[in-house]
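Can you build the whole structure from these sequences, using the hints too?
Quick note: the sequence shown uses my numbering, first residue 611, plus one each step.
Keep in mind the hints are simulated off the structure, nothing from the lab.
The reader is advised that the hints may include incorrect statements.
[Stated by the list, open to error] Simulated DEER-style distance windows between Cβ atoms:
1. 687 with 643: 15 to 25 Å
2. 757 with 631: 20 to 30 Å
3. 683 with 640: 32 to 42 Å
4. 640 with 678: 32 to 42 Å
5. 781 with 726: 17 to 27 Å
6. 752 with 780: 31 to 41 Å
7. 661 with 683: 32 to 42 Å
8. 740 with 666: 19 to 29 Å
9. 798 with 757: 14 to 24 Å
10. 758 with 727: 21 to 31 Å
11. 797 with 631: 17 to 27 Å
Idealized CB from N, CA, C, for every residue including glycine.
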Amino acid sequence: MIYSSGPLPTYPLSLQAQWQDVERVFLSAQLLDWLVEPNSLTRRLKSFSQQFAVEVLSERLVDAAAYQGDIFTCDTQQVRVREVILFCDNHPMVYAQSWIPCYERAEQGVDLTHLGARPLGEVIFQDPQLSRQQLQVADFSANADLQALTQSFNLPNQPLWGRRSRFNLTGQQIMVCEVFLPGAYAYL
Numbered sequence: 611m612i613y614s615s616g617p618l619p620t621y622p623l624s625l626q627a628q629w630q631d632v633e634r635v636f637l638s639a640q641l642l643d644w645l646v647e648p649n650s651l652t653r654r655l656k657s658f659s660q661q662f663a664v665e666v667l668s669e670r671l672v673d674a675a676a677y678q679g680d681i682f683t684c685d686t687q688q689v690r691v692r693e694v695i696l697f698c699d700n701h702p703m704v705y706a707q708s709w710i711p712c713y714e715r716a717e718q719g720v721d722l723t724h725l726g727a728r729p730l731g732e733v734i735f736q737d738p739q740l741s742r743q744q745l746q747v748a749d750f751s752a753n754a755d756l757q758a759l760t761q762s763f764n765l766p767n768q769p770l771w772g773r774r775s776r777f778n779l780t781g782q783q784i785m786v787c788e789v790f791l792p793g794a795y796a797y798l
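Quick look at the structure:
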C-alpha cells in the first residue's frame, strides 16, 4: 500500500472519543445505515467491491486493565489488540481495532489468534451463537491518531465516524471498533 513520507502513527491507536448511543446523534441516512449495519461489515464491503483485502497494521498482547471500559470488561490478564485496514478495490475504507481476551486454554474461548489477513467478521459471523450486546457511535474528527493514519494513506481531511460493538461469542466478550475512512461508501 502507498504511504506518505510523513510520520506514521504508533499502534495501538487511541480510540478516545465521546461514544454515545446511536439514537442520540443526528446523521445522514446513508451514514446511519452503515453505522448500524447488523450483519458482517466485511460481507457488506465485499458486496460493493471487485477486490477486497485486509492489511494487518498491528497485533499485540496488552494489559487487559488498560482496555477495560464502560462497555467492555474481560476476565483475563491480557487482550490481543488487532488493528487492520479493510480495502475495497485498493482504497482504504475502514480502520478496525479488535480487543480479544487471551485465554490459557483454547476451550475457554474461540481461538482468534491465527487470523492473519482474514477479516475477523468473516470468522465471528459464522458462529450462530454470536450476539451483539451493545453498539455505540462516535465522531473522530478531533482524534489525532486517526488523523495521522489518514495522512499516512494520503487521504483527505474530513470528519470521521465510527462505531464500537461488544459481541458475545460463545460466552467470550469481544470488542470491535470500526472507523470509516475518508472516501468510504458510508459517506457517499
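Cross-check of the supplied hints:
no.: 1; hint: 687 with 643: 15 to 25 Å; in the structure: 39 Å, violated
no.: 2; hint: 757 with 631: 20 to 30 Å; in the structure: 25 Å, holds
no.: 3; hint: 683 with 640: 32 to 42 Å; in the structure: 33 Å, holds
no.: 4; hint: 640 with 678: 32 to 42 Å; in the structure: 33 Å, holds
no.: 5; hint: 781 with 726: 17 to 27 Å; in the structure: 25 Å, holds
no.: 6; hint: 752 with 780: 31 to 41 Å; in the structure: 37 Å, holds
no.: 7; hint: 661 with 683: 32 to 42 Å; in the structure: 38 Å, holds
no.: 8; hint: 740 with 666: 19 to 29 Å; in the structure: 22 Å, holds
no.: 9; hint: 798 with 757: 14 to 24 Å; in the structure: 21 Å, holds
no.: 10; hint: 758 with 727: 21 to 31 Å; in the structure: 23 Å, holds
no.: 11; hint: 797 with 631: 17 to 27 Å; in the structure: 21 Å, holds
Violated hint: 1 only; the structure is consistent with all others.
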